[in-house]
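**Q** Use these hints to put chain B onto chain A, whose structure you have.
So you can see what is in the structure, the chains are spelled out below.
Number of protein chains: 2
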Amino acid sequence: MSQHRIGRQTVAFPMAPTILSSAAVVGPKEGRGPYGDHFDLVIPDALYNQESYEQAEHAIFLEACSRCMKKAQLQPKDVQAMLGGDLLNQIMAASLSARELSIPFLGLYGACSTMAESLLLGAILTDGGYASPVLCAAGSHFCTAERQYRFPLEYGNQRTPAAQWTVTGAGACMLSHQGKGLARIHLATIGAVIDMGVKDANNMGAAMAPAAADTLAAHFRDTGRAPADYDRIITGDLGQVGSSILKELMIEKHYPLSDEQYLDCGLLIFDPHEDIHAGGSGCGCSASILSAHILPKIKSGEWKRVLFMATGALLSPTTTQQGESIPGVAHALVLEGDS
Amino acid sequence: MSQHRIGRQTVAFPMAPTILSSAAVVGPKEGRGPYGDHFDLVIPDALYNQESYEQAEHAIFLEACSRCMKKAQLQPKDVQAMLGGDLLNQIMAASLSARELSIPFLGLYGACSTMAESLLLGAILTDGGYASPVLCAAGSHFCTAERQYRFPLEYGNQRTPAAQWTVTGAGACMLSHQGKGLARIHLATIGAVIDMGVKDANNMGAAMAPAAADTLAAHFRDTGRAPADYDRIITGDLGQVGSSILKELMIEKHYPLSDEQYLDCGLLIFDPHEDIHAGGSGCGCSASILSAHILPKIKSGEWKRVLFMATGALLSPTTTQQGESIPGVAHALVLEGDS
Numbered sequence: 004m005s006q007h008r009i010g011r012q013t014v015a016f017p018m019a020p021t022i023l024s025s026a027a028v029v030g031p032k033e034g035r036g037p038y039g040d041h042f043d044l045v046i047p048d049a050l051y052n053q054e055s056y057e058q059a060e061h062a063i064f065l066e067a068c069s070r071c072m073k074k075a076q077l078q079p080k081d082v083q084a085m086l087g088g089d090l091l092n093q094i095m096a097a098s099l100s101a102r103e104l105s106i107p108f109l110g111l112y113g114a115c116s117t118m119a120e121s122l123l124l125g126a127i128l129t130d131g132g133y134a135s136p137v138l139c140a141a142g143s144h145f146c147t148a149e150r151q152y153r154f155p156l157e158y159g160n161q162r163t164p165a166a167q168w169t170v171t172g173a174g175a176c177m178l179s180h181q182g183k184g185l186a187r188i189h190l191a192t193i194g195a196v197i198d199m200g201v202k203d204a205n206n207m208g209a210a211m212a213p214a215a216a217d218t219l220a221a222h223f224r225d226t227g228r229a230p231a232d233y234d235r236i237i238t239g240d241l242g243q244v245g246s247s248i249l250k251e252l253m254i255e256k257h258y259p260l261s262d263e264q265y266l267d268c269g270l271l272i273f274d275p276h277e278d279i280h281a282g283g284s285g286c287g288c289s290a291s292i293l294s295a296h297i298l299p300k301i302k303s304g305e306w307k308r309v310l311f312m313a314t315g316a317l318l319s320p321t322t323t324q325q326g327e328s329i330p331g332v333a334h335a336l337v338l339e340g341d342s
Numbered sequence: 004m005s006q007h008r009i010g011r012q013t014v015a016f017p018m019a020p021t022i023l024s025s026a027a028v029v030g031p032k033e034g035r036g037p038y039g040d041h042f043d044l045v046i047p048d049a050l051y052n053q054e055s056y057e058q059a060e061h062a063i064f065l066e067a068c069s070r071c072m073k074k075a076q077l078q079p080k081d082v083q084a085m086l087g088g089d090l091l092n093q094i095m096a097a098s099l100s101a102r103e104l105s106i107p108f109l110g111l112y113g114a115c116s117t118m119a120e121s122l123l124l125g126a127i128l129t130d131g132g133y134a135s136p137v138l139c140a141a142g143s144h145f146c147t148a149e150r151q152y153r154f155p156l157e158y159g160n161q162r163t164p165a166a167q168w169t170v171t172g173a174g175a176c177m178l179s180h181q182g183k184g185l186a187r188i189h190l191a192t193i194g195a196v197i198d199m200g201v202k203d204a205n206n207m208g209a210a211m212a213p214a215a216a217d218t219l220a221a222h223f224r225d226t227g228r229a230p231a232d233y234d235r236i237i238t239g240d241l242g243q244v245g246s247s248i249l250k251e252l253m254i255e256k257h258y259p260l261s262d263e264q265y266l267d268c269g270l271l272i273f274d275p276h277e278d279i280h281a282g283g284s285g286c287g288c289s290a291s292i293l294s295a296h297i298l299p300k301i302k303s304g305e306w307k308r309v310l311f312m313a314t315g316a317l318l319s320p321t322t323t324q325q326g327e328s329i330p331g332v333a334h335a336l337v338l339e340g341d342s
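Keeping their order, the protein sequence lines are chains A and B. FYI, this note's numbering numbers position 259 of the first sequence as 262, with every residue one higher than the one before it. FYI, this note's numbering numbers position 133 of the second sequence as 136, with every residue one higher than the one before it.
Chain A with its partners taken away, still in its complex shape:
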């Protein structure tokens, strides 16, 4: 039995790695949302002085990483590993950013769960004494995600009511085994891939909710905890449809979530009057809200203990076109104040 393992899916971090700093860079629509003033940078337009949306996604990712390093007063040469990914094919935003930074790089793909996956693996590297500090990052871009997963914007397709709006943005966190930071990571629950047969690429909330429920229930089962042990339980980007399904599933699993306690980054990030349908999505959604809203609330002491769980829909246009259903995955992290 592994010494830091709790139950089937949960790992404990005896050193409780600290998040030294974080940064978030987002697009203009996100900037007009309720947390607009809390992001480190709101870019003026979706191209951000680049020649393509893909290049813009790369530039946003790199900017979030650079600002995170600067806030921790670290140079790239001081950072022992970088873990991250994005939604672009072959995680190019993360890979090209790693090229510019020259930090030893481990590329991840967890769809919209990538920010939690990078923090989970980053915490293992840091806690175990294999690397510290470690830069963890994730990002996405509305215009590239639409082109890649659905239709190019130029096609002008009509979005369905269940569709979510991919966040243009990136978030980064610097993990360390020492120093005082914004929050500490105490536990993590690694998600299994869950598939309830949803085949609609425009309803990712429904595809991800069963995975979120599975990881949440595993977390409570492994740790012997209950929802009441957390000030907030925050999912990544289930949106309106997925959040409702998650709440129903958690009642069935005998771990009901209260409305005050349960939040979803996809329902927080945009002004609801914008044309976003079921809410925000994308790796950048939970990554940017983590930095702009969740970590500050923990740092201030308002929230003592938070369960942060980013959720990912594991689909590709090819598998969807071939009739494959959309599996989901969700990884959870227990964040507490660094006092």
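Hints listed in this document are in silico derivations from the structure and should not be mistaken for laboratory results. Source: prediction; values computed, not measured. Not one of these hints is a red herring.
Identical copies carry no separate label here, and so any pair may be met within one copy or between two of them.
Derived lysine to any residue pairs resembling SDA-like cross-links, with alpha carbons at most 20 Å apart:
# : residue 1 : residue 2
1 : LYS80     : ALA220
2 : LYS202    : SER55
3 : LYS300    : LEU271
4 : LYS307    : ASP262
5 : LYS80     : ARG224
**A** Relative to chain A, chain B alone:
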């Protein structure tokens, strides 16, 4: 300073996690190669009873994982984590296999370096006491890779002399902190992303060789070792072009590699009389040769200490079409006999 860190890029594993078992499943062309008898299964044709090449890639990946578990006498419920990836968009072969196996899953993307990346992170999870046993796997398929990165096979484009042939195959290894296995992992060197400006998606060996040289030099610098400390130094899939460049670069870096000592999985896997041009490539290349050739040689004691370094070309069709150059990455592992 992290306690298990050596130099800028290398980590040490005090427990030296053991590779309990391995398995490789490959396509017919690979089966006709010199290691045809050493693979666990050679599928009769590229479709493997599926309706698409993508489904076949998934089936091959799952088969390699299942056979690896069976050889270690483990059920999916006994395995504490699965780490892996492939070349399909959104690593669908790995994700769908994780769905079928219901093992807590962390998706990786390192292009053709993925087998080394999964073993590196798997060794950290195992060595640090966060998960054991851990299933590490990677795979690729010629027909899906051609469709995704270059042209669909139906187009019948002519391949350039520098082009490599993506291996149809998958390999899996089971890591554990206890038990006696095929080999042990003592050290790993995490690669940085290196880009020397190659823009030709048909010459991935040239794009990857500088990253391979960078990681090799970092490994020797971090550890104070030299090439002579290894019975074999084996790269993943540099092919003829990339291997030649690597040998030149290592002379420049004052760590020359001897012809007897240096091998490349991409130059081993196929019968040279097949129409493969510069050699094999793909995640499945190093993953399957590791299982079918490298681990047995270490197990038998013929090779005492091997540096296994899988190399990845971090490109996407989109970035290539937008004129972006192709960065490379390479991760290295020190494998020794488990005696």
